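S.K.: Construct all of the structure, not just a fragment, from the sequences and the given hints.
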Amino acid sequence: MDELRELYQQVILDHNKNPKNFGKIEPANRSAEGYNPLCGDRIDLYLQVEDDVIKDISFEGAGCAISKASTSVMTTVLKGKSTAEAERLFRKFQKLITSEPGAEPDLIEMGKLAIFCGVREFPLRVKCAGLAWHTMLAALKNENKPVSTE
Amino acid sequence: MDSPLLDQSPAQSVNRFDVERIREDFPILRQKVRGKPLVYLDSAATSQKPQVVIEALSHYYQAENANIHRAVYYLSEIATNAYEGTRKKIKEFINANSIKEIVFVRGTTEGINLVASSYGRKNVKESDEIVISAMEHHSNIVPWQMLCEETGAKLRVIPINDDGELIVEEFEKLLNKKTKLVAIVHTSNSLGTINPIKRLVDIAHDRNVPVLVDGAQALPHGKIDVKKLGCDFFVFSSHKVFGPTGVGVLYAKEALLEKMPPYQGGGDMIKSVTFEKTLYNDLPYRFEAGTPNIAGVIGLSKALDYVAGIGYDKIAAYEHELLNYATTVLSTIKPLRIIGTAKEKAAVISFVIEGIHPHDVGTILDRDGIAVRTGHHCTQPVMARFNVPATSRASFALYNTKAEADLLAKGIHNVINLMN
Chain A
0 MDELRELYQQ VILDHNKNPK NFGKIEPANR SAEGYNPLCG DRIDLYLQVE
50 DDVIKDISFE GAGCAISKAS TSVMTTVLKG KSTAEAERLF RKFQKLITSE
100 PGAEPDLIEM GKLAIFCGVR EFPLRVKCAG LAWHTMLAAL KNENKPVSTE
Chain B
1351 MDSPLLDQSP AQSVNRFDVE RIREDFPILR QKVRGKPLVY LDSAATSQKP
1401 QVVIEALSHY YQAENANIHR AVYYLSEIAT NAYEGTRKKI KEFINANSIK
1451 EIVFVRGTTE GINLVASSYG RKNVKESDEI VISAMEHHSN IVPWQMLCEE
1501 TGAKLRVIPI NDDGELIVEE FEKLLNKKTK LVAIVHTSNS LGTINPIKRL
1551 VDIAHDRNVP VLVDGAQALP HGKIDVKKLG CDFFVFSSHK VFGPTGVGVL
1601 YAKEALLEKM PPYQGGGDMI KSVTFEKTLY NDLPYRFEAG TPNIAGVIGL
1651 SKALDYVAGI GYDKIAAYEH ELLNYATTVL STIKPLRIIG TAKEKAAVIS
1701 FVIEGIHPHD VGTILDRDGI AVRTGHHCTQ PVMARFNVPA TSRASFALYN
1751 TKAEADLLAK GIHNVINLMN
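Chains as they are written, first to last, in our numbering: chain A, 0 to 149; chain B, 1351 to 1770.
Keep in mind that the hints were calculated from the coordinates and are not lab data.
Do not rely on the hints blindly, as some may be mistaken.
[Claimed, not checked] Taking beta-carbon pairs under 7 Å as the criterion, some of the chain B residues facing chain A (in silico):
(1) Gly1435
(2) Lys1438
(3) Ile1703
(4) His1707
(5) His1709
(6) Asp1710
(7) Gly1725
None of the values given here were measured: they were computed from a predicted structure.
Even glycine gets a Cβ: it sits at the ideal position worked out from N, Cα and C.
M.R.: The structure is reproduced here in structure tokens:
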């Protein structure tokens, strides 16, 4: 039960119910689709990137609480960040959600993203938390085909 | 070594349906998951196996393992008799005319692919039509789509109503001179709907259209009589009916099978081979290339004995009671909506909970030891029809109890509390 509480923290539930940066921004010069067909999780991610800085970012779509909250939190974290910083955070986030349960990630450095620490106790749900980030990376690289973490 | 069709299983000694006695036959159900007793509600995906099936597999490998057919030594004779004895048993079990009509395959999926590839390629031409329904499993959609792509034929789809029932009048309208085959599911894995197969077959046969029935979800829960149904092809999987994985059966009317070209080439499906010419074997061996899953077939034999020992009447009555009970219990949960409310229904309950994604439901229930399936259940068109991305599905079998339905309901209340 404690692990469930850690996974479904209040902040995650709040983002699930009232996601931030939800909707399509105009203009958006980068976009990508994330789709996990087995789950049915789907994200359309929109970014406005100027001089290698993410000026604006938003998403649409539907999915489980973990994928939706992860996308919502990601957009709040990345807005205003450089693309290089976004890629660095991608790697750190991946490490966080896939680290061994005993490992002690630097939660302070992770900031808002630390709330997803509980995901590592649920290996089957790592793909849900990671979908948004993989989609973001694809958008930055201007990849056309949908991204999947399944 | 093989037992007769109506082999007495331990469960037959009880007059009424004694589920606790049945549960003792399934060793896996005794275990705890995450400290909680396992509540296995995913039998539509695969059933658990009784001890007699597990022992049959072990016994075969310990005492009887040999390749079947053609050898003249003791072990091969034993293995061949067990394998061919199962074919005879299945012929009686589903009331086929001849063992020539019973082809062993890997499962329902391969059975359908065999028909699509062999019967389909021979009989379906450009602008012909194949009729399926809106509630088919992907395994009864994709092989036909592949055939259509190859031949230029068209796939036509019988619609379903809001309860998840087939609209029979629309089915009649879809049939025409171009229709070459109807491929239809007997019992839907995601909605639980039991289709009126005999009625559909009669309608199709009036227009000389043959019918394939996907019986994967039907055979574990009710008596199948292919003569009564009248269908031309009937396919099922061993693992859904308490047998091992990797084995299935294709029943096909002999007259149709006789005219079908081989599906795969190789050993066992031939009479003689030279580099100039190969003579194919007789039915049903012509459709069984290569060494089959001998142990799996023998395990299936024991599984069918097990089911026959309990009796389909008792199984169906008990599962109906379970379905009604679970439906009533779940219906009291306000934000829960059941998808699939057909009048004729198997013990499958697909549901969605307002504001909570099925994968969150599945993860939280799992922590209570409850195994339900979440996702699209290989029926994406059904999800689209009901405008949901996925559902949670509890599917019951003869070893489930009302107490487990209560635990499911309790677990769902817990999900709702946790997510709000």
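S.K.: Evaluate each hint against the coordinates.
M.R.: Hint check:
The closest approach between the C-beta of glycine 1435 of chain B and any C-beta of chain A is roughly 40 Å, which is over the 7 Å cut-off, so the hint fails. A least Cβ separation of about 40 Å between lysine 1438 of chain B and chain A goes past the 7 Å threshold, and the interface hint is therefore violated. Contact between isoleucine 1703 of chain B and chain A, as hinted, is not supported at the beta carbon level, the nearest pair being about 12 Å apart and thus beyond 7 Å. Evaluation of the histidine 1707 of chain B hint against chain A yields a held restraint, the C-beta minimum of about 4 Å falling below 7 Å.
The interface hint given for histidine 1709 of chain B is met, as the beta carbon of that residue sits about 4 Å from the closest beta carbon of chain A, less than 7 Å. Below 7 Å, beta-carbon pairs count as interface contacts, and aspartate 1710 of chain B has one with chain A at about 5 Å; its hint therefore holds. Evaluation of the glycine 1725 of chain B hint against chain A yields a held restraint, the C-beta minimum of about 6 Å falling below 7 Å.
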